[in-house]
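Q: Take the sequences, apply the hints, and build the full model.
Sequences listed follow chains A and B, in order. Using UniProt numbering, you'd call the opening residue of the first sequence number 1 and step up by one each time. Using UniProt numbering, you'd call the opening residue of the second sequence number 1 and step up by one each time.
To be clear, the hints were calculated from the coordinates, so they are not data collected in a lab. A portion of the hints provided could be inaccurate.
Claimed, not checked - Keeping only pairs whose Cα atoms sit at most 30 Å apart, straight-line, the calculated BS3-like set for lysine-lysine is:
#1 511/A x 15/A
#2 308/B x 439/A
#3 383/A x 258/B
#4 354/B x 373/B
#5 250/B x 207/B
#6 249/A x 342/A
#7 14/A x 373/B
#8 180/A x 207/B
#9 342/A x 181/B
#10 342/A x 258/B
#11 92/A x 10/B
#12 383/A x 181/B
#13 419/B x 333/B
#14 10/B x 439/A
#15 103/B x 84/A
#16 333/B x 354/B
#17 333/B x 15/A
#18 410/A x 325/B
#19 84/A x 10/B
#20 333/B x 14/A
#21 383/A x 207/B
#22 106/A x 95/B
#23 265/A x 253/A
#24 250/B x 528/A
#25 207/B x 249/A
#26 347/A x 511/A
#27 215/A x 231/B
#28 373/B x 15/A
Claimed, not checked - Just so you have them, the derived chain B footprint on chain A, three or more residues with Cβ under 8 Å:
#29 21–35
#30 190–202
Unchecked claim - Derived list of chain B stretches under chain A, where covered just means 3 residues or more per stretch with a C-beta under 8 Å from a C-beta of chain A:
#31 293–306
#32 385–396
Keep in mind it's a predicted model, so treat the numbers as computed, not measured. The beta-carbon is built from N, C-alpha and C at its ideal position, and this holds for glycine as well.
Residue-level listing of the chains:
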Amino acid sequence: MKRVEQEPTMSEPKKTKYDRQLRIWGELGQTALENASICLLNCGPTGTETLKNLVLGGIGSITVVDGSKVEIGDLGNNFMVDEKSVGQSKAKCTCAFLQELNDAVKANFIEENPDSLIMTNPSFFSQFTLVVATQLVEDSMVKLDRICREANVKLIIARSYGLTGFVRISVKEHTIIDSKPDHFLDDLRLNNPWPELKRFVDTIDIKTPDPIAHKHIPYVVILVKIAEEWARSHNNNLPLTREEKREFKDLVKSKMVSLDEDNYKEAIEATFKVFAPRGISQEIQEIINDSSAEVGSNSSDFWIMVAALKEFISNEGGGEAPLEGSMPDMTSSTEHYINLQKIYQTKAEADCLSMEHRVKNILTNIGRDPHSISKPTIKSFCKNARKLKVCRYRMLEDEFSNPSVTELHKCSASEDYSSAIGFYILLRAVDRFAATYKKFPGQFDGRQVDEDATRLKTTALSLLSDMGCKDFVLPEELCNEMSRFGAAELHVVAAFVGGIASQEIIKLITKQFVPMLGTFIFNGIDHKSESLTL
Amino acid sequence: MADLDVPQSKSRDLDKLLLRPGNLVGPDFYPGTELRDDIREYVRILVVGAGGLGCELLKDLALSGFRNLDVIDMDRIEVTNLNRQFLFRLEDVGKPKAEVAAKRVMERVSGVEIVPHFSRIEDKELEFYNNFSIIALGLDSIEARRYINGVACGFLEYDEDDTPRRETIKPMVDGGTEGFKGHARVIVPGVTPCFECTIWLFPPQVKFPLCTLAETPRNAAHCIEYAHLIKWPEVHGGKSFDPDEPEHMKWVYDEAIKRAELFGIPGVTYSLTQGVVKNIIPAIASTNAIISAACALETLKIVSGCSKTLANYLTYNGGEGLHTKVTEFVRDKDCLVCGPGILIELDTSITLQKFIDMLEEHPKLLLSKASVKHGKDSLYMQAPPVLEEMHRPNLSKTLYDLMGRVQKDTVHVFGTALKNEEKHSSLTKLRVVFKGVDGVTDMDTAIGA
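A: This is the structure we're talking about:
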């Protein structure tokens, strides 16, 4: 009897409503979203657009914090207020309109100024899965970051400013098992077949005189066989040089008996899989060598499994990670394909079983319940063992006071990055400006734009000097534009920046896909936006 | 920090961009209250599609200073739209998308007028599309994009020296999304590449060979497509399959399961069956929001000149980290849709036969065995023989008469061209102008007399 793994099941209406996103992050991802509680600071359009996308997707709960009243100006940039809202609490109004989008979401509001909340009630934030802070000035960001790190609450900062803006994640560490990369080499082991695969390949006669049979041999069989043939005549080596690779391809081609053999065409296309290096990638090597892989009683499940992976690779894995166990589609008879699929699955299951033993041993050794990491989790870890990701983010305070000078220089020397770095500096400079002049450059009076641009430039230069980056040439026109922007929060820019923020939140909460690194600087002028890791 | 100078205004934030001069702006940027007011009064924008992108576009444009919007969509609201099409509620299911979307945005944003069109894009008169300053596309099909692109480029006229006439340019902004990926682009016909110039950006959809489905199925999708494409017509004869009919879908699913069991293939689920049969593209709110925002921002920039514009194609990928890239694609000078075509001046007396002979001699064409098309009408076809015979009588008529006695128009010619000493088939656009016929003057004279 085949045992069927029990997946968590959700109700049919919910499945239909969320169908288009379940196809992306599955029921596990959806459940993670539904268990998450999000806190929003400041209910301008950047904040409400961020939450809009999360509420639609069925996030568990939202709590919006804003101490201001809706002004007429807000009607021109925020979809979550209307004319009746003017004069009322912005937190209350936006919360009500956000709630309308999805009644499955719990929506709360708090009428309080986020800056004073950060100052007076830091423990407030520890109840949330994630805090999204919008339109905060540097001082508040830094304080909030410290609070969130301490409380182990994920933090996303987003800001829209004229035609620019930024998004920055701040979490100590984010580990991903199911990173869902776009293009990833499948795990076929054509260059390193295990005994069962070899045995299967030997049962198939690739010289069969039957033309129908010949054109239905899957390319896995063809390439394993020809690779063996090659190795026998080349001192047990596989093709290395460009010349050898070409010869190998020709060798494959020479085995074709007619031009319409799709399986051979696929084999020729797939020869690079034979040439691929054996063993694990540099990135996985770094992960297993990470100091967190030396586990103790406080280690997370992820790092315990990494520790098991490390043992696996240097023992039964023979330098390889557990086999993924899936195969791409390829021209083949149904019988060959299904048999081959079973061989890959069986090996994957066996690898997973040894990983399970190792995980249990490690758990026992560090004094935890050996069953505390579930079988499906270990299975998913094994299936994705070549795709693991670890993302770490500097504390804002560290980045602000001690930015990576090498990165700064690298970026300022590159044409692609020069406006991004310019905006990065200016987005920080406007907060210094505001601390001095009690307003943002060009905020109120159009006649002061030029004067403020000059002052902003001076502020930015002193910031650059504090950052140890005196020789960076700040483009003049960016200073002028920044002053022209006058701290405007344009709806479309907020929708873009908020869209990015919500997407990153989804990745952090579902623990699927790979979140952005560094600071994303939005460039609404020519759309040459970039991420800076400083 | 209250504003002392200016009274509270709904365009508090937009005014910063529209009233103040800048230095990274478009060539025709004239900041001032007149610009802001003109955008409100005179600019009319058509949003094509009221789905994931369309809903966002309507909201974004309504909050970017535009007051006159139209939206066209032939679809009705479904439950699966609700995870991203934020203007719709459960109780709206079954209602026309365009109508509900227009109503919701007007309720929220006062002063905005949105005219909904619950209609197929093909059912509108071509002139309908000429009413708009810009067309914003929120579509999910290549065919629909091609259609609108063709219509918008159809308004484009060129001067004698092949420069596009400014007043005939109908710009488009186009967005598309799939999961965490998307694109936003600006199409200014005659200036930047049109949809057809870069049609290769959309690779043809991969279809399974029928023999795989019939003989060597290997995965769940093969079993589903077998049930859908082979088994359904076999069993149901003339009754066509309707993907929106749950009974039909269930039947395909059951058959696919049977097939999968027969071959020992795992993985057929109801959800996958729907996905394969309806070719469902996964979609989420955030990507739609990002792409639409980029499109709406470009719309504002094209209209106002308040900033440089995107040149001309933005690709966005948010799955693995966050990557955006701007590519400046170039126009296909010989594009049949947006290109000027080759200018040919003819006498009104020239017959179709003479015209076809001329094409062979024309130094830029060297086109032999030409078939000729005027709009949707074939004037002459070389093959197949039945059609050749049918069109043969046209050869002795004048081209002027065949083209409806207009002073100038476009014809397409298809035949064998000689290029670099090699023969290949070629389709070319020609701008035919008849000598001695001046449409406008003729009219004036007629009225005068």
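Q: Okay, which hints does this one fail, numbers in order?
A: Hint check: 7, 9, 17, 20, 24, 28, 30 and 32 fail, others pass.
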